[in-house]
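> So the protein sequences, as listed, match chains A and B.
FYI, in numbering that gives the first Met the number 0 the residues of the first sequence are 0 to 339.
FYI, in numbering that gives the first Met the number 0 the residues of the second sequence are 0 to 339.
No lab work stands behind these hints, which were simulated from the structure alone.
Watch out, some of these pointers could steer you wrong.
[Claimed, not checked] Computed footprint of chain B on chain A, listed as stretches where at least three residues anywhere in the stretch have a Cβ under 8 Å from a Cβ of chain B:
hint, region
1, 28-39
2, 79-88
3, 101-115
4, 295-308
5, 312-320
[Unchecked claim] Covered stretches of chain A (chain B as the covering partner; in silico rule of three or more C-beta atoms under 8 Å from a C-beta of chain B):
hint, region
6, 42-55
7, 91-98
8, 328-334
Note that this is a predicted model, so its numbers are computed, not measured.
Ideal placement from N, C-alpha and C gives every residue a C-beta, glycine not left out.
Number of protein chains: 2
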Amino acid sequence: MSANGLPFDDIRALVRQMPQQDGRARHDARHRQEELTKPSGSLGRLEDIAEWMAAWQGRAPTVNRPVVAVFAANHGIAARGASAFPPEVTRQMVENFAAGGAAINQICATFDLGLKIFDLALDYPTGDITLEPALSERDCAATMAYGMECLAGEPDLLCIGEMGIGNTAVASALFAALFGGTARDWVGPGTGHDSAGMARKTALVQEAIDLHGRHAADPLEALRRLGGREIAAMGGAILAARMQRVPVIVDGFVATAAAAVLYKLAPDTIDHCLFGHVSAEPGHQRALQAMGKVPLLALGMRLGEGTGAALAAAMVKAAVACHNGMATFAQAGVSDRAAD
Amino acid sequence: MSANGLPFDDIRALVRQMPQQDGRARHDARHRQEELTKPSGSLGRLEDIAEWMAAWQGRAPTVNRPVVAVFAANHGIAARGASAFPPEVTRQMVENFAAGGAAINQICATFDLGLKIFDLALDYPTGDITLEPALSERDCAATMAYGMECLAGEPDLLCIGEMGIGNTAVASALFAALFGGTARDWVGPGTGHDSAGMARKTALVQEAIDLHGRHAADPLEALRRLGGREIAAMGGAILAARMQRVPVIVDGFVATAAAAVLYKLAPDTIDHCLFGHVSAEPGHQRALQAMGKVPLLALGMRLGEGTGAALAAAMVKAAVACHNGMATFAQAGVSDRAAD
Numbered sequence: 000m001s002a003n004g005l006p007f008d009d010i011r012a013l014v015r016q017m018p019q020q021d022g023r024a025r026h027d028a029r030h031r032q033e034e035l036t037k038p039s040g041s042l043g044r045l046e047d048i049a050e051w052m053a054a055w056q057g058r059a060p061t062v063n064r065p066v067v068a069v070f071a072a073n074h075g076i077a078a079r080g081a082s083a084f085p086p087e088v089t090r091q092m093v094e095n096f097a098a099g100g101a102a103i104n105q106i107c108a109t110f111d112l113g114l115k116i117f118d119l120a121l122d123y124p125t126g127d128i129t130l131e132p133a134l135s136e137r138d139c140a141a142t143m144a145y146g147m148e149c150l151a152g153e154p155d156l157l158c159i160g161e162m163g164i165g166n167t168a169v170a171s172a173l174f175a176a177l178f179g180g181t182a183r184d185w186v187g188p189g190t191g192h193d194s195a196g197m198a199r200k201t202a203l204v205q206e207a208i209d210l211h212g213r214h215a216a217d218p219l220e221a222l223r224r225l226g227g228r229e230i231a232a233m234g235g236a237i238l239a240a241r242m243q244r245v246p247v248i249v250d251g252f253v254a255t256a257a258a259a260v261l262y263k264l265a266p267d268t269i270d271h272c273l274f275g276h277v278s279a280e281p282g283h284q285r286a287l288q289a290m291g292k293v294p295l296l297a298l299g300m301r302l303g304e305g306t307g308a309a310l311a312a313a314m315v316k317a318a319v320a321c322h323n324g325m326a327t328f329a330q331a332g333v334s335d336r337a338a339d
Numbered sequence: 000m001s002a003n004g005l006p007f008d009d010i011r012a013l014v015r016q017m018p019q020q021d022g023r024a025r026h027d028a029r030h031r032q033e034e035l036t037k038p039s040g041s042l043g044r045l046e047d048i049a050e051w052m053a054a055w056q057g058r059a060p061t062v063n064r065p066v067v068a069v070f071a072a073n074h075g076i077a078a079r080g081a082s083a084f085p086p087e088v089t090r091q092m093v094e095n096f097a098a099g100g101a102a103i104n105q106i107c108a109t110f111d112l113g114l115k116i117f118d119l120a121l122d123y124p125t126g127d128i129t130l131e132p133a134l135s136e137r138d139c140a141a142t143m144a145y146g147m148e149c150l151a152g153e154p155d156l157l158c159i160g161e162m163g164i165g166n167t168a169v170a171s172a173l174f175a176a177l178f179g180g181t182a183r184d185w186v187g188p189g190t191g192h193d194s195a196g197m198a199r200k201t202a203l204v205q206e207a208i209d210l211h212g213r214h215a216a217d218p219l220e221a222l223r224r225l226g227g228r229e230i231a232a233m234g235g236a237i238l239a240a241r242m243q244r245v246p247v248i249v250d251g252f253v254a255t256a257a258a259a260v261l262y263k264l265a266p267d268t269i270d271h272c273l274f275g276h277v278s279a280e281p282g283h284q285r286a287l288q289a290m291g292k293v294p295l296l297a298l299g300m301r302l303g304e305g306t307g308a309a310l311a312a313a314m315v316k317a318a319v320a321c322h323n324g325m326a327t328f329a330q331a332g333v334s335d336r337a338a339d
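Bound conformation, chain A alone (with noise of 0.2 Å):
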C-alpha cells in the first residue's frame, strides 16, 4: 500500500489503471474456432471461455497453473447465532483443509488444481455489524492489500473461494447496501437453518442493514462496515488478478459479494470474471441477475470453499484443451463445406 493518501484512494487509483481485454488476442482465438473440426458455435459455451481466456491473458490460452485461494476468516456476528454451526467450525475447516480431507481438497486433486489457503485473523472476529462497523478502512484495505498475494505464483487461471461461520449473513447485508433491498431479499439459509434460526439471522442482517445502510453507498464503505475479511481479500485478489491479466472464477453466494464490489465501483471491473456456477442459496441468483452474469453451472451447490468455481475450472480446462489440440479442418481433411 502506498504511505500517501487514504488507504481506499489506492484501491480507486488500481481500478482507473487497469489494463483491458486484449482484443487482437480475443480476434485471433475467435478465428482459430472457426477453423477447429466442428461445427462453427458447437462447443457451445467452451467456445466462448476459450476466447475470454485468450481476451484476458493477451495470447494464445493457457491454464497451466490454476490456482484455488480459499480465504478464511470470523465473523463478530457469528457469535449471535448467523450461522446454524458455530464460530470454532471455521478454524477446524482450516486445518480440515491443511490435513487434505475437505471436498475442495478431493476436487484440486481430481482437476490437478493448485490449492492454498488464507487465514485472516481467525482469533479476532471482525465487529459485530449489528452494532458497529466490520473493519476500519485502514484495516479493509491492508486486507484487500494481503489478498492480492494469492498472485504470488503467478497463476494462469484463478479460482476464489472462502470460508467463514456467518459469513452469508455478512454477505447478504453487503448486497443489500450494494443492490437495494430488505435482508429478507438476500437471506437464505446459508450452511442449514431451520425456520427459527432463518428469522434470527433475517434480523440480525436487518438490524446491520438499518444501522449502516445510509453510510454505505460508497461500495468500498459498504464493504468496510458490512462485510468481512475474507470479502476484502477475495475483493483485492480479484483487482490484483486483473493487473496481471490472470481471468478469474468466482464461486458462490460470498465470493460473488466481492465481486459485488467491485462491479459497483465500476462495472468493467470484473469482466475479467468468470460466475463458476450459482448456489442454492436463493440470494445468489439475484445478485448474479443484478450484475448481468450468467454462472457457468447449476448443480444445487452451498458449500464455499471455491468448490463450484473448482469445478467450473475443470469445464475451463477442457474448453482450452480442446482451443489447443483440436485439428483445424484443413490439418484433418475434414470438409469444412456446408451442403447449404
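Once you've looked at the hints, dock chain B against the given chain A.
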C-alpha cells in the same frame, strides 16, 4: 444373440432380466454423505451422483476405468441434404478421432477418460427412411449386440456418444414416433442449417414420420424403421451396461434417442443413466422432459461425439472423489452440531 426366437425377443428378454439398484449400497452412501465434513446436502447434485453411482455399482462408488464409447454410422437420408455437412464427413471425423484431433480426444485427455471409437459399416448407409425402413429387424438387433461390446474392458463408468452426418434428422423422426408430435416439434438446426436447410430437413423428417409412424407403436420397431446403426448400438450399450451394473452417462440429442427407445420399452430400463447435458438442439430439452430427466450441465453445446457426456464424467469423478476422500466430522475434529 440367441438362435431361438426373433432377435427383438432377445432384447425384450434382457429387459425383463435386468438387475435393479442396490438399496443397501445406496443407503450406505447416503449415510456416509451425512458424516462428511460439510453441511448436509451442500454438495447438491454431487451428493446425488455419489449415491446413484453406489446404487448401480452395488458398492462404494469408483471411477477407475471410465470409458467414452463413440459410435459412428451413415444414413441414407444424408444423401438428400438432411445435414448441413456432406455424408463423407462421418468417415473423415472417424479418422480425426483416430488421429487425436477431435474435441472428444482433448476432453478425454484432460480428464483421463478412455476413448473407444466404433464405426458401424460406414460404407453401407442405412435405408433412406423417407422411402423404406432404415434396418431389418435382424440387422438392428445384431447392431444392438455389437454395441454391447463396448463393455468388454469392464469400465466402471460408461459415456455414450455418436458421430453420423444426418443423424439429428433420424433422431427427430424417432422421437416423433416414440413421443408423438410432428417433424416441426423435433427438428432443429443440427450442425447448423440455414432456414432453407431447416425447411428441407423438416420436410424429409415429416415424410419419414408419415411413412412409418403407424407401424412404430413398438419402440424396437420404431428404432429399426427410423433409427440408425449408431442409435441401435447405443441402445445395446445402455442395456449391456445395466446387465453389468455400469452407470451410464448419455450425451446429447441423438444419444438420448437411444435411451428413449429403452425408456419406452419400460421407463426403469434407463434408471442407471445420467443425462450429461442438455444440448442447444431444441428437441433435446423436449425429449428429456418427456422422460422426466434433469440434465447435469447446460453449456449450449451441440457437437455430439460424447463431448457433453465426457464433461459430465468429470463432474462424476469429482463427486466420487469427494465421497471417498473427504474426512468425516469425527476424523477431522469438526463440530457437526448445528447451533439451531
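> Does each hint hold? Answer for all of them.
Here is how each hint holds up against the structure:
1. 28-39: That given contact holds, which follows from 5 residues of the region 28-39 of chain A lying within Cβ reach (below 8 Å) of chain B.
2. 79-88: holds (count 7)
3. 101-115: holds (count 8)
4. 295-308: Three-residue rule met by the region 295-308 of chain A, so holds; n is 9.
5. 312-320: holds (count 5)
6. 42-55: holds (count 4)
7. 91-98: holds (count 5)
8. 328-334: holds (count 5)
When each numbered hint is compared with the structure, no violation occurs for any of them.
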